[in-house]
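Reconstruct the complex from the two isolated chains, following the hints.
For the record, the sequence lines run as chains P and A. Under my numbering, the first residue of the first sequence carries the number 1, and numbering increases by one thereafter. Under my numbering, the first residue of the second sequence carries the number 481, and numbering increases by one thereafter.
It is worth saying that the hints were derived from the structure and are not from the lab. Glycine residues also receive a C-beta, built at the ideal position from the N, C-alpha and C atoms. A hint or two may mislead.
[Unchecked claim] Sample of chain P residues with no beta-carbon within 12 Å of chain A, all distances over it, derived: (1) 29; (2) 32; (3) 114; (4) 300; (5) 302; (6) 306; (7) 311; (8) 347; (9) 413; (10) 416; (11) 475.
[To be verified] Restraint ranges, calculated between C-beta atoms of paired labels, are given here: (12) 316/P with 487/A: 38 to 48 Å; (13) 487/A with 282/P: 18 to 28 Å; (14) 486/A with 424/P: 54 to 64 Å; (15) 185/P with 491/A: 50 to 60 Å; (16) 510/A with 110/P: 38 to 48 Å; (17) 486/A with 225/P: 16 to 26 Å; (18) 179/P with 486/A: 52 to 62 Å; (19) 507/A with 349/P: 24 to 34 Å; (20) 484/A with 312/P: 40 to 50 Å; (21) 184/P with 489/A: 47 to 57 Å; (22) 301/P with 491/A: 25 to 35 Å; (23) 41/P with 491/A: 19 to 29 Å; (24) 487/A with 20/P: 26 to 36 Å; (25) 498/A with 460/P: 17 to 27 Å.
[Claimed, not checked] Partial pick of chain A residues on the chain P-facing surface, computed with a CB cut under 7 Å: (26) 484; (27) 486; (28) 491; (29) 496; (30) 502; (31) 503; (32) 511; (33) 514; (34) 516; (35) 517; (36) 520; (37) 528; (38) 529; (39) 530.
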Amino acid sequence: MAERKLRDLLPTRRRLAQLYCALLYNANLRGFGEGKIYTGPLKNLCVPGLNCYSCPGAVGACPLGALQNALAASGTRTGTYVLGILMLFGLLLGRTICGYLCPFGLVQELVYKIPSPKLPKSRITRGLSYVKYGILALFVLAIPLYAGLAQGKALPAFCKYICPAGTLEGAGPLLVHPGNRDLLGALGALFTNKLVILILVLALCIFCCRAFCRFLCPLGALYGLFAGIALTGIGVDETRCDQCGACRRVCPMDIRKAGDRECIQCGACQGACHACAISRKVGNHRLQGSEGPLKPAKGGLALWILLPALLLGVLVFVNGKPSAQSEAQTLDAGYEEGQVLSDFETDLIGGGTFSLDRARGHVTFINLWATYCDPCVRELPYFCALKKAHPDICVLAVHASLTTEDVAAYLAGKDWDLDFALDTEDDRLFGLVGGSALLPQTLVLDPEGRVVYNRTGSVTYEQLEDLLEAAQRGELYENE
Amino acid sequence: MKLSGTFRRGLRIFLFLAALALILHGIWNGSMHDVFVKAVNICTECIGLG
Numbered sequence: 001m002a003e004r005k006l007r008d009l010l011p012t013r014r015r016l017a018q019l020y021c022a023l024l025y026n027a028n029l030r031g032f033g034e035g036k037i038y039t040g041p042l043k044n045l046c047v048p049g050l051n052c053y054s055c056p057g058a059v060g061a062c063p064l065g066a067l068q069n070a071l072a073a074s075g076t077r078t079g080t081y082v083l084g085i086l087m088l089f090g091l092l093l094g095r096t097i098c099g100y101l102c103p104f105g106l107v108q109e110l111v112y113k114i115p116s117p118k119l120p121k122s123r124i125t126r127g128l129s130y131v132k133y134g135i136l137a138l139f140v141l142a143i144p145l146y147a148g149l150a151q152g153k154a155l156p157a158f159c160k161y162i163c164p165a166g167t168l169e170g171a172g173p174l175l176v177h178p179g180n181r182d183l184l185g186a187l188g189a190l191f192t193n194k195l196v197i198l199i200l201v202l203a204l205c206i207f208c209c210r211a212f213c214r215f216l217c218p219l220g221a222l223y224g225l226f227a228g229i230a231l232t233g234i235g236v237d238e239t240r241c242d243q244c245g246a247c248r249r250v251c252p253m254d255i256r257k258a259g260d261r262e263c264i265q266c267g268a269c270q271g272a273c274h275a276c277a278i279s280r281k282v283g284n285h286r287l288q289g290s291e292g293p294l295k296p297a298k299g300g301l302a303l304w305i306l307l308p309a310l311l312l313g314v315l316v317f318v319n320g321k322p323s324a325q326s327e328a329q330t331l332d333a334g335y336e337e338g339q340v341l342s343d344f345e346t347d348l349i350g351g352g353t354f355s356l357d358r359a360r361g362h363v364t365f366i367n368l369w370a371t372y373c374d375p376c377v378r379e380l381p382y383f384c385a386l387k388k389a390h391p392d393i394c395v396l397a398v399h400a401s402l403t404t405e406d407v408a409a410y411l412a413g414k415d416w417d418l419d420f421a422l423d424t425e426d427d428r429l430f431g432l433v434g435g436s437a438l439l440p441q442t443l444v445l446d447p448e449g450r451v452v453y454n455r456t457g458s459v460t461y462e463q464l465e466d467l468l469e470a471a472q473r474g475e476l477y478e479n480e
Numbered sequence: 481m482k483l484s485g486t487f488r489r490g491l492r493i494f495l496f497l498a499a500l501a502l503i504l505h506g507i508w509n510g511s512m513h514d515v516f517v518k519a520v521n522i523c524t525e526c527i528g529l530g
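Chain A extracted, bound-state conformation (with noise of 0.2 Å):
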């Protein structure tokens, strides 16, 4: 299905409004520091040595 030009648009502001604003929940409410935890403190089996 062919999206109309201006669909596009507004879908495309639509989505980046919203992930802007999931991010930014994602600071508040700590999952960007679950990201770094999981990033740095990794569990062997989690990366396949096991």
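Bound conformation, chain P alone (with noise of 0.2 Å):
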């Protein structure tokens, strides 16, 4: 009995791999610390969960977020690398990600563990679990294509609006940290409508299991795609099942069948099975469950060795070395507001220099942007309105180092009347003035070159307006 009851305790493997994989994709442990992302290589590489790459921890790309953006660049290049991963994974593992590779899932999961009224599932349930068809379609597939091809607008809509794992992960994080005060400033009404979305969905998972997965998220609709089809997951013995549906009954998702689009593979039906007709399966091999003529795949030691081992490889590789950007950062260039900016002098996108110590005895802008960012872009006719009212102040915009067009060619199809300059590959001039991976940005030095405001997030041309009305006074600006 004792025995038993300290098995209850013990964490599933189901458990177990979910911990793992949240701990793996957000390894950079380091970037908790200092309140940054983590900008290394392994961004390449597309997690199969949810996780958003905005998170400080987070070593991956989301898939859903690279597949939005890959959508909203069609006009510049197919997107073939995500949709290729996206097709791997669901092929390789299906709903088995949702099941046990997803941190959003674990954080529901543990969220229903909250003592409640539990909502029993029902027509209604099962109707509303069609809903996250209808997201994926419009917010992750439709919006997001349409702003790139139509507009020429960076809009990955999911992540703007709705995904309740980015305002956990990434904003709250980096919100919470004391070096991104900055941030609390830039917070708007779209923030408060994701936070409304986030509360409501935790609020719901205390009740409801799994809410997001069953009736909102993009990517458990996209993998459940791969349902029948999958590599890996639960699979059903015909010739022994006689359909009284305790499968069902026991299933926390709204399964018609234990192993369809719904189902996320946690195997919670092979104990419920009377039959025996439930186990697991990678390709023909049954690892557990119902006896049969194939197999059970064998590798657990391999598995034992090997995860530890890759976790063990990307903490050391993710959290070994400062990123190049927190190097130039701890230079003393004076970027913080109240501090001397120190000189720098940098080509321009077109021909000429600009030289910081030139521009002093003037009001400067300095903005950092990128081509795909949709409010960096939207925001840089305010600096050409704000320069052409005041002919005296210098404005110089800095395109981040990596780009995903020629920059000079984007620039020659705008009418923007400003000092463009792009960024070298280690980040030399996002260093000197304290640029993070988060844009836009925007930096006022007043005629003696003195910081009054730099800070993350989109302006308007009222607030350039008030930034050049502190910096000639010589103060710093502050919100009201």
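Here you go:
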């Protein structure tokens, strides 16, 4: 009895897998301490589950965010990499990813453990499970594609308007870090709406198991399309199944049958099946459960060695060396508000150079932007209008070192009369002005070169006028 | 519609090869680099900070 109680307290293999993945996907522990995101080479890779790449700990790219960005950039390039990755994940794992490898699924299951009345499954919940396909079609596919092709805008609509995982894993840790206080000033209605969505989702998850997965998650909807052909998952031996429905009753999801597109392969049905018709499978191999002519797969010991080695390797690789940006920012460049920014000189796109030393005596605006950042592109005309209204100011717009297209060619198609520079590969300019991986960012210097404003987030024309006035008075800018 | 075992196996092989081809094409045409860029330089509004 005591042994059984102890066994009940131990985490299941599925829970261990979830915890492992949550740590593996967010292995950049240094990022939590510094309040900065990981910018290393592992972000070329997409993780299988829903894990926002704006989380300071995230070491890989979110597949859903990557898909939306790829669709938004369809006018420039076909995002075949993301399509291939998603197809591979779906084919190899299907919704096993949801049941085993998704950190936000883990969060929902833990929230569900809070004692409360629980909402039973019904035709209503079954009907609601189709909503996620609508979200997939509209917010993940249609809107980004339309915005990219018809309007030339980068609009990852699900990330921007809905994703609670992004708010919890990305915005949350970034905002609570003391070094990111300037982000608080950038928050408005968009963040408020997303925070409300997060709170509602988590509140619903107390009463309804995995409410987000069941009703809203477009990634689960996508992987569900691979049900029936995914290599791993739950299989039903039709010769043994007597259609008693015990699997449906015990399942937390709105399945019609074990292993269908709503099934997250958690295996809760296996214990309920009195006919031993349900088992896990990898291709043609059954791992456990019903007896039959197929042999159980081997290799458990290899996994117990390889998986910890992988986690350790990633932890060491990611946390072992500070990023180039962090290194640049440790120099005493004077980019904090109240400090005098160090002189620098840079070549301009289109010819000429910008020298901060020559800009002394004028109020100077430095804007950090990128072509693939829609709010950045939206606010640059405000800087142009400001320069036109006040020809004595200096404005320098610095594009991030990483580009997705020819920036010079992009600018040639715009009517922006500003000084533009492209940051160097080692992020020299971004480092000098305290730039981070979050865009846009604006610095304002008074005529003596003192920083009166250095914050992340969009600015309006009215704000720019206020910033100009504050800089002319030599005062730090205070938000109202 | 239940898929026959042979059809299912063939479809898996086809999709697997297609996925590999798409990934390789994506590395070649720069769309993998795009994934990296968007995951490393993040627009604040795109993650709901606005």
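Does the hinted range 52 to 62 Å hold for residue 179/P and residue 486/A at CB?
59 Å, holds
Does the beta carbon distance between residue 185/P and residue 491/A stay inside 50 to 60 Å, or does it fall outside?
About 52 Å separates the Cβ atoms of residue 185/P and residue 491/A, which means 50 to 60 Å holds.
Determine whether the non-interface label on residue 302/P survives the test: each CB of chain A must be over 12 Å from its CB.
Residue 302/P clear of chain A: closest Cβ-Cβ about 22 Å, beyond 12 Å.
Just to be careful: measuring from the Cβ of residue 517/A to every Cβ in chain P, is the smallest value less than 7 Å?
Given a least distance of 4 Å, the restraint on residue 517/A holds.
Double-check residue 530/A for me: the hint is only fine if its C-beta lies closer than 7 Å to a C-beta in chain P.
Because about 4 Å separates residue 530/A from the closest Cβ in chain P, which is inside the 7 Å limit, the hint holds.
Given residue 486/A as an interface hint, is its Cβ closer than 7 Å to any Cβ of chain P?
12 Å, violated
Check on residue 413/P being off the interface with chain A, judged by Cβ distance over 12 Å
Correct as stated: the minimum Cβ-Cβ distance to chain A is 20 Å, above 12 Å.
Run the C-beta distances from residue 416/P to all of chain A and say if the shortest one exceeds 12 Å.
Non-interface label stands for residue 416/P: nearest chain A Cβ at 18 Å, farther than 12 Å.
Take the shortest C-beta to C-beta distance between residue 511/A and chain P; is it under 7 Å?
4 Å, holds
Mind checking the hinted window 17 to 27 Å against the Cβ distance between residue 498/A and residue 460/P?
47 Å, violated
Supplied distance hint 18 to 28 Å, evaluated on CB atoms of residue 487/A and residue 282/P:
With a Cβ separation near 19 Å, residue 487/A and residue 282/P satisfy 18 to 28 Å, so the hint holds.
Whether residue 29/P stays farther than 12 Å from all C-beta atoms of chain A, as the label says
Fine: 18 Å to the nearest Cβ keeps residue 29/P off the interface.
Hints 23, 25, 26 and 27, counting from the list given before, are not met by this structure.
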